[in-house]
Every structure is written in C-alpha cells, then in structure tokens.
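The task is simple: from the sequences and hints, build the whole structure.
So the protein lines, in turn, are chains W and R. Count the first sequence with the working numbering and you get residues 399 to 588, in order. Count the second sequence with the working numbering and you get residues -7 to 51, in order.
No lab work stands behind these hints, which were simulated from the structure alone. Note that the Cβ used here is the ideal one computed from N, Cα and C, for glycine as well. No false leads were slipped in.
Here are the simulated lysine-lysine pairs, DSS-like style, with alpha carbons at most 30 Å apart:
#1 K34/R x K457/W
#2 K457/W x K9/R
#3 K412/W x K34/R
#4 K(-3)/R x K9/R
#5 K412/W x K401/W
#6 K550/W x K10/R
#7 K45/R x K441/W
#8 K10/R x K457/W
What follows is a set of in silico ranges between Cβ atoms, one per label pair, in the way DEER data are often shown:
#9 R469/W x R30/R: 38 to 48 Å
#10 A476/W x E41/R: 27 to 37 Å
#11 Q15/R x I404/W: 40 to 50 Å
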Amino acid sequence: MEKELISFRSDMLKFAWLQLRDEASAEDAVQEAITAALTGKKKYDNRAQLKTWVFAILKNKIVDIIRERARYPNAGTAIDEIQEDAYDDLFDESGHWQDHARPSTWGNPESSYSSQQFWQIFEICLTRLPDNTARVFMMREMLGFETEEICKELAISPTNCWVVLHRARMALRLCLNDKWFNAENRDVEL
Amino acid sequence: MLNCKQATALMSLGMDKKLGVLQKTSLRLHLMMCEGCRNFNKQMQLLREGLRKFPQQDS
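Okay, here's the thing in structure tokens:
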C-alpha cells in the first residue's frame, strides 16, 4: 500500500497545488493525507479504489488549510483578477454571440475523457486561471463547497463569488475550446 | 428578453444557486431559440463533469 500511495504522490501534489496555489501548503496537505492513509489501514480491492479514498482524505486536508488561511488578514478583499470586460469581445453590442465566438458543439465528451492528452490540456487550462480565481473555482467544483460556504470562508460577498465563478467558467471554456475541442493541433505546450 | 451575454451569466449562476421562477422561464425561452447558448449550456455541464473526473486521472 505504501508503494502505491507513493505512486500517487505527484498526482496528489498537482491536485493540491491547483487549489492551494502554493507549493509548501500543497506538500503539507499531501504529506498529511499519505500519513493519514497509512495509519487508516482501510481495506481496498484495487488501485482505483485506493486512489479515490486517498484523494478524499486529501480534499479534507486541503479544506483544513483553506479554513486556516481564511483567518489571515488579507482574506475579505474582493477578487477581480479577470476583468469585467474580459469577454466583451465574444458578444456584439446587443449582447448576442459574435459569429466567430458562438459556441459550437463539443460532441460526445467520452472520447475526450478517454484521452490522456485531453487531461493534460485540462490541467494546463486550470493552471492558467489566476490564483484567487482558481481557489474560489476549485472550492466550488473540486471540493464541492456551496457558494455560501465559500463566501463565508473567504469573507467575500456572494455577488463577488458568483462573478468570480462565472468568469472562471468562461476562461476555462475558452481555453478548452481553443486548445482541444476546436484546436487545429492539440499542442500540450503551456 | 435575455441576450446571450445575460443568458450565459444566468446559466453559470444556475450552477451555483437555485434560480427564481422568472429567471428560469426567461432562460428556458432563450435556450429554445438560441443554439449557441444551448451548446454553451452543455459545455458548462461538461466542465463540471470533467472537474469531477479530473482527480481520478493517472498521469
């Protein structure tokens, strides 16, 4: 089990970093999760199950770190890394899609899900989100917080929270669209 | 009537909280007429699904 846990380490570190955006905290979270998993000695049938379980522990550790952080004085400032007009180009003056920007179908996602390259691009796109935007977005989508909890933990207003989430989705959608679904060549360079 | 920019904001908001009746109705009306926004809506669901699957990927 120890060997298998160690083999998840780099995936766990990436996962933790994406949400904490800080290497030292990510290291701490992963270390604590691995230690907890080793002392937990839960039975598991296969690698995938073990991974699900250890990632559940890791999520809890990440949440602990986020809660701890929320007590620091810089919490409470509105988050506005992605500007209000960042996506204005996508729409015409009446607020309808410009021809070039109108979303087209992404087809059946299963073929993307089964591609390792897709997930590399997915990670690149997540990495590109600005730090605080990413923290809010990942709390919502990866850690499964309700928006009220996020506002409370980070001491930001609900409106700010929704705006940040919306802009994060716009950014991620565009990135995946340009680099994968609508890409002429699917380059995994950053 | 909603325009696409407002509709995208509502679709996103709907992923984070329950929309009001008026919001839901106007969004539904807009989606009936707008293919771009229907695609956008599906893409939002796919993003969410992708984010849930992401930690399980072996790299």
